[in-house]
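Line by line, the protein sequences give chains P and L.
Throughout the first sequence, residue numbering follows our numbering, covering 205 to 314 in sequence.
Throughout the second sequence, residue numbering follows our numbering, covering 276 to 389 in sequence.
Careful, some of the hints might be misleading.
DSS-like cross-link-like pairs, simulated, lysine-lysine; straight-line CA separation at most 27 Å [as the list claims (entries may be wrong)]:
id, chain 1, residue 1, chain 2, residue 2
1, L, K343, P, K256
2, P, K213, P, K256
3, L, K331, P, K226
4, P, K244, L, K388
5, L, K324, P, K244
6, L, K331, P, K248
7, L, K324, L, K335
8, L, K352, P, K256
9, L, K343, P, K248
10, P, K275, L, K335
11, P, K245, P, K226
Partial list, computed: chain L residues near chain P (C-beta under 10 Å) [as the list claims (entries may be wrong)]:
id, residue
12, Y311
13, Q313
14, E317
15, Q320
16, L321
17, S354
18, S358
19, V362
20, G375
21, K376
22, L377
23, Q381
24, G382
25, E384
26, L385
27, K388
Hints listed in this document are in silico derivations from the structure and should not be mistaken for laboratory results.
For each residue, glycine too, the CB sits at the ideal point set by N, CA and C.
Take a look at the letters that make up each chain.
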Amino acid sequence: DTAVSQTPKYLVTQMGNDKSIKCEQNLGHDTMYWYKQDSKKFLKIMFSYNNKELIINETVPNRFSPKSPDKAHLNLHINSLELGDSAVYFCASTHLNEQFFGPGTRLTVL
Amino acid sequence: GDSVTQMEGPVTLSEEAFLTINCTYTATGYPSLFWYVQYPGEGLQLLLKATKADDKGSNKGFEATYRKETTSFHLEKGSVQVSDSAVYFCALSASYNQGGKLIFGQGTELSVKP
C-alpha cells in the first residue's frame, strides 16, 4: 500500500545518455512535484504539476522534461546526462498543505 | 524571495540530552511551516507542522512553535534517543500562487551517541 513510489531506486549511467525516472502516487492527490537533493543534502524544487498541468518550472535546464500522463503519475526524463546531474531525485504529492515523499532515486552519472 | 535558514550541523549529542535545532524563515504572507526528517538511505517523512502563528506542532516527543514575531520555528526534544539520528529539514510552504512548493533549509544532521 505504498503511497508514493519511484522507480528505479538506483540508476547508474554514462554521461550523454538519456534516462527516465517514474513516479506514481495512489493517494488521489492532484498535485505532484519533483525535488533534487544534492550531495550536501540540499533540497530544491524542480517541477510541479497540478492535474496534469505544469505549474512550476524552476530554472531547470531544458534537458529535464517532466511528463504527467495522468494525475497519479509524474515522470522525469533527462536527456544528455551530465556529471552534475548526479543527485537523489524525490517525487512528492500533496494534499491539504502536506507533502508526501517517495523513497528517492539515486542517480549517478559516470 | 522566500527562504529558510537552519543551524548548521552536524550536531552530536549523548542519549537523553536536550535537543534544539534553530530555524528562521523569510516569507511574504503567512506560510505553513514544517519539520521533515530523513533517516539514512530513506526519503523524507513529515515530523510535524504548524499552519498559523502561535500554533505548536508536536510528534514523537518533538515540538516546534510557529513564532511570527521572531519568524522562527525551532525544533526541540527533551530527551533524544539513538534512533533520532537523522537529518532534519525545516521547510515552509510557499503561497498557493507559487504552486504550494516547499522551500527547505539546508538540513541539520543529528547524531545521538549511546
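Hints and how they fare:
| no. | hint | result |
| --- | --- | --- |
| 1 | L:K343 to P:K256 | 35 Å, violated |
| 2 | P:K213 to P:K256 | 24 Å, holds |
| 3 | L:K331 to P:K226 | 36 Å, violated |
| 4 | P:K244 to L:K388 | 22 Å, holds |
| 5 | L:K324 to P:K244 | 24 Å, holds |
| 6 | L:K331 to P:K248 | 26 Å, holds |
| 7 | L:K324 to L:K335 | 13 Å, holds |
| 8 | L:K352 to P:K256 | 40 Å, violated |
| 9 | L:K343 to P:K248 | 24 Å, holds |
| 10 | P:K275 to L:K335 | 33 Å, violated |
| 11 | P:K245 to P:K226 | 21 Å, holds |
| 12 | Y311 | 8 Å, holds |
| 13 | Q313 | 8 Å, holds |
| 14 | E317 | 7 Å, holds |
| 15 | Q320 | 7 Å, holds |
| 16 | L321 | 6 Å, holds |
| 17 | S354 | 25 Å, violated |
| 18 | S358 | 19 Å, violated |
| 19 | V362 | 6 Å, holds |
| 20 | G375 | 6 Å, holds |
| 21 | K376 | 4 Å, holds |
| 22 | L377 | 6 Å, holds |
| 23 | Q381 | 6 Å, holds |
| 24 | G382 | 4 Å, holds |
| 25 | E384 | 8 Å, holds |
| 26 | L385 | 12 Å, violated |
| 27 | K388 | 21 Å, violated |
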